[in-house]
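Trainee: Position chain B against the provided structure of chain A, taking the given hints into account.
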Amino acid sequence: MTVATVTDWTRVRPQPSWLARLFDHKPFLVFACLLPACGLLLVFLTYPLGLGIWLAFTDTKIGRAGEWVGFENFEYLMTDPQFWSAVFFSVFYTAVATFGKFGLGLWLALLLNNHLPFKSLLRAIILLPWIVPTVLSAIAFWWIYDPQFSILSYLAVDVLHLRDKYFDFLSTTWPARWSLVAANIWRGIPFVAISLLAGLQTISPSLYEAALLDGSTGWQRFRYITFPLLLPILAIVMTFSIIFTFTDFQLVYAITRGGPINSTHLMATLAFQRGISGGELGEGSAIAVSMIPFLIFATLFSYFALARRKWQQGEAND
Amino acid sequence: MTDVPAGGGSTNTASAVPEKLAWDSRARRVVTIYVPLACFVVILLFPFYWMAVTAFKPDNELYDYKHYNPFLIGSPTLGHIKHLLFETHYPQWLMTTMWIAFAATAVSLFASVLAAYAIQRLRFRGSQYVGLAIYLAYLVPPTILFIPLATTIYQFGLFDSPFALILTYPTFLVPFCTWLLIGYFKSIPYELEECALIDGATRLQILRRITLPLAVPGLISAGIFSFTLSWNEFVYALAFIQSSEKKTVPVAILTELVSGDVYQWGALMAGSLLGSLPVAIFYSFFVDYYVSSLTGAVKE
Chain A
1 MTVATVTDWT
11 RVRPQPSWLA
21 RLFDHKPFLV
31 FACLLPACGL
41 LLVFLTYPLG
51 LGIWLAFTDT
61 KIGRAGEWVG
71 FENFEYLMTD
81 PQFWSAVFFS
91 VFYTAVATFG
101 KFGLGLWLAL
111 LLNNHLPFKS
121 LLRAIILLPW
131 IVPTVLSAIA
141 FWWIYDPQFS
151 ILSYLAVDVL
161 HLRDKYFDFL
171 STTWPARWSL
181 VAANIWRGIP
191 FVAISLLAGL
201 QTISPSLYEA
211 ALLDGSTGWQ
221 RFRYITFPLL
231 LPILAIVMTF
241 SIIFTFTDFQ
251 LVYAITRGGP
261 INSTHLMATL
271 AFQRGISGGE
281 LGEGSAIAVS
291 MIPFLIFATL
301 FSYFALARRK
311 WQQGEAND
Chain B
1001 MTDVPAGGGS
1011 TNTASAVPEK
1021 LAWDSRARRV
1031 VTIYVPLACF
1041 VVILLFPFYW
1051 MAVTAFKPDN
1061 ELYDYKHYNP
1071 FLIGSPTLGH
1081 IKHLLFETHY
1091 PQWLMTTMWI
1101 AFAATAVSLF
1111 ASVLAAYAIQ
1121 RLRFRGSQYV
1131 GLAIYLAYLV
1141 PPTILFIPLA
1151 TTIYQFGLFD
1161 SPFALILTYP
1171 TFLVPFCTWL
1181 LIGYFKSIPY
1191 ELEECALIDG
1201 ATRLQILRRI
1211 TLPLAVPGLI
1221 SAGIFSFTLS
1231 WNEFVYALAF
1241 IQSSEKKTVP
1251 VAILTELVSG
1261 DVYQWGALMA
1271 GSLLGSLPVA
1281 IFYSFFVDYY
1291 VSSLTGAVKE
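Chains as they are written, first to last, in the numbering used here: chain A, 1 to 318; chain B, 1001 to 1300.
Bear in mind the hints are in silico, worked out from the structure with no lab data behind them.
Keep in mind that the hints are not guaranteed to be accurate.
[Unchecked claim] In silico negatives: residues of chain B with every beta carbon more than 10 Å from chain A:
1. R1026
2. N1060
3. H1067
4. L1072
5. G1074
6. I1081
7. E1087
8. P1162
9. S1187
10. Y1190
11. E1193
12. A1196
13. R1209
14. V1216
15. P1217
16. S1244
[Said to hold, decoys possible] Covered stretches of chain B, going by a simulated chain A footprint (3 or more residues, C-beta under 8 Å):
17. 1037–1043
18. 1048–1056
19. 1174–1180
20. 1281–1289
Glycine included, each C-beta is placed from N, C-alpha and C at the ideal position.
Next comes chain A alone, as it looks inside the complex (with noise of 0.2 Å):
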């Protein structure tokens, strides 16, 4: 190494070339290196972005250039009662999913947190349901909840002898929507407690241990300080998970299709029958367009709370 170094030294150093100056020059190279992200983001993401709330204004057909019709559109959806199912099933959706998954994680996240026995293999089998393609577990459950050959049918009625009739489990609405809640729950367990087991291994034990002199409860540990030092954490997770369970689509596309007799449709899955099914671009744009109040909803919520922890931690900066 050292020789090396010497010769290159000794020897004089040609000229750069034009070429390597330009990449050299600072504003240059910050244009070049910004230039490939912005470029497909720009490109591929914000144009789609305003061309899709542009099209929700018009009445654009597959192979059919549209014309402006105003909120004709959105007037048609208010009187939907399919459109108004969808919005009410992605809220229950998300609202039950989002509970199911926090609570169940967080309880993973904290039977984790103690000292285990083959721990990190534990953490890898955990977050198999995370890994595996959607579609793929989704059709595992399409196949768990057949009406004639499901195994927890079989599980309650002739093994268990729980009850004497096979569930129907996705024939009618409301079994149906369980299902796919059910689904989702298993499906966002793993994210969810991991990423809360990483904010609970930052807790300081030291803090526990003052605790414990103190006389806590093992509540009030959890509810003081658990709890409080998670938020942060917990507050970014959630909003994530909202936005994604609201917006989900693989799920109920694998398993029902939106049916029985179009219950099950999220907010995604009906703009995708209506725009690329159906062919009604510019409906089915208003239907995915009417999903961006709910998550600018959902992103002010975490901003907010995490703007409510770092004023309380007195923090100017990162």
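Mentor: Just chain B, lined up with the frame of chain A:
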């Protein structure tokens, strides 16, 4: 159900001894930690077990719970997998998915490394706002974009081509990878780069010779995350690809293997199992990187 009497018994004995001993008692630990944990693991893994059992069961056992125990396989068969590999386009779907996932990962990593370097190290005016904008891009879910994106893709003449997916997947991969890499670059001491600057290295040389080699763990995390996300992507692949042989595995299984009213559950489960295995294997080699990227991104 069978755990309840055992659990009740052990808590009773535990409450008989003084409070302090009770806390550390083995029985209590079993009931409060190991039993729930075991339930979680069983429930989280059961669908995969069921998938695997179904994939290797012959048809006569599959639909007959009276004579065969459904949880076990009487005489395992490779029939479903053979059907999948030799009578459908499955191998082709696997290859397409693999190539799209690798290409999309490569494109996203390239773009995010440069962007993260510019934002974190070149420190131009307004770099924070560019970082924030990229972060916000991550909050735009694919399901509000796919309809206008479909028209955009059509305008560019990319419809029904793998490039439609390779170019659109970075829209959700780049924001994530950029944020992950910004975090990694932050942890590399700036003094190293200053030394190199004094020695007369150009900025690009610094990126290539100093920053990137030190950020390899971050690159691996970002790469794995991108790969699994692209492998799992569904909405874009469903909307932008039409011809059967160009579909990705998740879409193809759902649209090509499900035909008519009689579902071939054996083949469906075999397809799901084979489609999950590559990501699962890939992931198992890099679990720690994956977990660190997941939690790192959340902590940022």
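Trainee: Broken hints, numbered, in rising order?
Mentor: none
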